[in-house]
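A.B. asks: Residue-level listing of the chains:
Number of protein chains: 2
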Amino acid sequence: METIALAEVAAVLADPSRATMCLVLLDGRAWTVGELAKAAGIALSTASEHVTRLAGAGFVARVKQGRASYVRIADPRVAELIEHLAQHAVTFGAPPRAGDSATRSPRKTSGHRPVTGLKSSLRARRLGFARTCYDHLAGELGVALRDGMLAAGLLDVAGGLALTPRGREVLADLGVPVAAGRRALLRDCLDWTERRDHLAGALPAALLDRAVDAGWVARDGHRAVKVLPAAGEPFAALGVDLDALGGVAGP
Amino acid sequence: METIALAEVAAVLADPSRATMCLVLLDGRAWTVGELAKAAGIALSTASEHVTRLAGAGFVARVKQGRASYVRIADPRVAELIEHLAQHAVTFGAPPRAGDSATRSPRKTSGHRPVTGLKSSLRARRLGFARTCYDHLAGELGVALRDGMLAAGLLDVAGGLALTPRGREVLADLGVPVAAGRRALLRDCLDWTERRDHLAGALPAALLDRAVDAGWVARDGHRAVKVLPAAGEPFAALGVDLDALGGVAGP
DNA sequence: GCGAAGGTTCGGCCGCGGGCGAAGGGTGCG
DNA sequence: CGCACCCTTCGCCCGCGGCCGAACCTTCGC
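Protein sequences appear in the order of chains R and H.
First residue of the first sequence: 1, per this note's numbering; consecutive thereafter.
First residue of the second sequence: 252, per this note's numbering; consecutive thereafter.
Think of the hints as simulated: they come from the structure by calculation, not from any bench.
Treat the hints loosely; a few may be bogus.
[Unchecked claim] Here are the computed distance ranges between Cβ atoms for each label pair:
1. E194/R <-> V463/H: 49 to 57 Å
2. E194/R <-> V429/H: 21 to 29 Å
3. R461/H <-> V178/R: 42 to 50 Å
4. A55/R <-> G483/H: 30 to 38 Å
5. A180/R <-> E484/H: 40 to 48 Å
[What the hints assert, rightly or not] Over the 12 Å line for every Cβ pair with chain R, so calculated as not near, a few chain H residues:
6. S268
7. V314
8. R323
9. D448
10. D471
11. A488
[Unchecked claim] Okay, the calculated bits of chain H under chain R, using three or more residues with CB under 8 Å as the criterion:
12. 255-267
13. 402-415
14. 473-486
A quick note: this is a predicted structure, and the numbers were derived from the prediction, not measured.
Glycine included, every Cβ here is placed at the ideal spot set by N, Cα and C.
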C-alpha cells in the first residue's frame with residue numbers, strides 16, 4: 001500500500017514529455033499549456049493531459065486566468081525533489097540503456113561537444129556563469145557565492161551548513177529577510193555544470209528575490225541571469241569579487 | 252538530452268516491483284534476488300531483470316558471493332533520494348488516480364484502522380516507536396532525538412541545522428565520530444509516522460553505527476529497532492529521557 | 001452575436017515494457 | 001563427478017499509457 005505510492009509518484013516523472021515540462025518549469029515562472037506543449041514537442045491536447053496528471057500528483061498548480069491556463073511548480077519542495085532527481089540523473093549519465101535511439105541526429109558525437117554553434121555556445125557560456133536553479137542562484141556565480149560566504153566567515157560548515165552571527169548581520173544589512181519557516185534555511189545542491197555545491201534553501205531563495213528587486217541581477221531568458229553593475233557592492237559584502245569572475249554585463 | 256535523463260531515472264523507480272525492492276532495501280542490508288522476488292511477489296526471473304535495471308541506473312550494487320548474489324543500495328545518497336521521493340508520495344497520498352483497484356480486500360476501511368490484528372498491531376507499534384530510515388534512527392525515537400538535542404543545546408537551528416561546540420563535545424564523549432566527508436552532516440527528514448522531522452545525514456548515520464556497536468540498540472527484524480537498557484545513559488546525554496518515552500525493551 | 005484563440009475531453013491506434021516459464025550457466029556439496 | 005541450488009537469459013504474450021486529430025467548451029475582441 002505504501003510501496004505503490006512511490007512507484008506512482010515516480011511514474012509521473014518517468015515520461016519524457018512530463019520530465020521536460022518539469023525541467024522548464026524550474027525557472028520558477030508560470031507557463032501556459034501551449035508553451036509547455038511547444039517545449040516538449042507534442043500536441044496541445046497531449047500536453048493538457050500531462051498537465052492534468054502532474055497537477056493530480058501535486059507537482060504543479062494550475063491557475064486559470066481568462067482563456068489562458070497557467071501552470072507553475074506547486075511548491076518549492078517539489079522543485080527541490082525534481083532537482084534532487086535530476087542531479088542523480090546527471091551524476092549517473094544513464095548511458096548504458098538498451099535502445100540508444102535517443103540521439104536523433106545521425107552525426108557522430110566525437111568526444112565532448114555539447115554545443116553545436118556559436119550562438120548556442122554563447123548561451124551555454126552565459127548559463128554556465130549565472131543561472132537560476134528554480135528559486136536560487138546556481139552556476140559559477142552560485143558556487144562562488146558559497147565559497148565567498150564561507151571564506152568571509154558568514155557561513156560555517158563544521159557542524160552542518162549554517163549561518164554565523166556575522167552572516168546574519170551582513171544579510172540583514174543587505175535587506176535579505178532571514179525567516180525560519182518549514183523549509184530548511186540552507187542546503188547544499190550539487191551543480192551539474194560546475195560539479196561543485198552551491199546553496200539552496202529558503203535563504204538563497206530570499207537572497208535571489210532581494211537581488212532581483214534591488215536590481216543587482218536580472219532574470220534573462222529561460223534560466224539565465226544577468227549580473228548588473230549594481231551587484232558589485234552587495235556581492236563583495238558576501239565575499240564574492242565579481243571583477244575576478246569577469247561575468248558582469250556590459251552597458 | 253539532459254531532459255530525458257530525468258525521465259529515465261524516474262522510470263526506473265516507476266515500477267511497483269522495483270519500488271518495493273528499493274523500499275525494502277532501505278533497511279541497509281543486502282538481500283538476495285530470491286528474497287527480493289518474494290518481497291515483491293514476482294517470479295525469480297522477473298526480479299533478476301529488475302535488479303539488473305536498478306543496478307544499471309546506479310541505484311543498487313550487486314555483490315556476488317558464491318552462488319548467491321547479494322543486492323544492496325549503492326550509496327547513501329541513493330537512499331536519501333528514495334526517501335525524498337517516498338516522502339513526497341506520502342505527503343501527497345496520491346489517491347485521486349483512476350483505477351482505484353489498489354485496495355485488494357473488499358472490506359470497507361471505515362475511518363482509520365491501518366492494522367488488522369493484534370500481532371501486526373504490536374509490530375506496527377514497535378515500528379512507530381523506533382526504526383531505521385536506511386542508516387539512521389527514525390520513528391518516535393528519531394524525532395525525540397532531534398528534539399532532545401535541540402533542547403540540550405547540542406544542535407542549533409537558527410541559521411541552518413548545525414552542531415554546536417557543546418554538541419561536538421558530547422558526541423565525542425559518546426564515541427561518535429564526526430567526520431566531514433562529501434555527504435552532508437545533518438539534514439531534516441520528514442517522518443511518515445510522526446509527521447515531524449528527524450535527523451538524517453552523515454552524523455545520524457555514525458550515531459546509529461555507534462549505538463549498535465555499543466549495544467545501546469539492536470536492529471530487530473526488517474526496519475525495527477530494539478532499545479536496550481544500556482541506552483539510558485548515552486541517550487540522556489543527548490537530551491532524550493527514554494523512561495518518559497516508555498519504549499525500552501524488557502529483559 | 002460571430003469568429004478566433006486557447007484548453008479540455010474523447011476515441012482509436014500502437015509500441016513499450018513487465019509478466020511468466022523454460023532453458024542455460026556457474027558454484028557448492030556430497 | 002553429478003546433482004542441486006540460485007541466478008540469468010530468452011522467447012513470447014498482453015495490457016497500459018502516450019500519442020494524435022476531431023469535437024466541444026469557454027473566453028475575448030469586434
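A.B. asks: Let me make sure I understand: some of the numbered hints might not hold for this structure. Which ones are they, in numerical order?
C.D. replies: 1, 3, 4, 5, 6, 9 and 14
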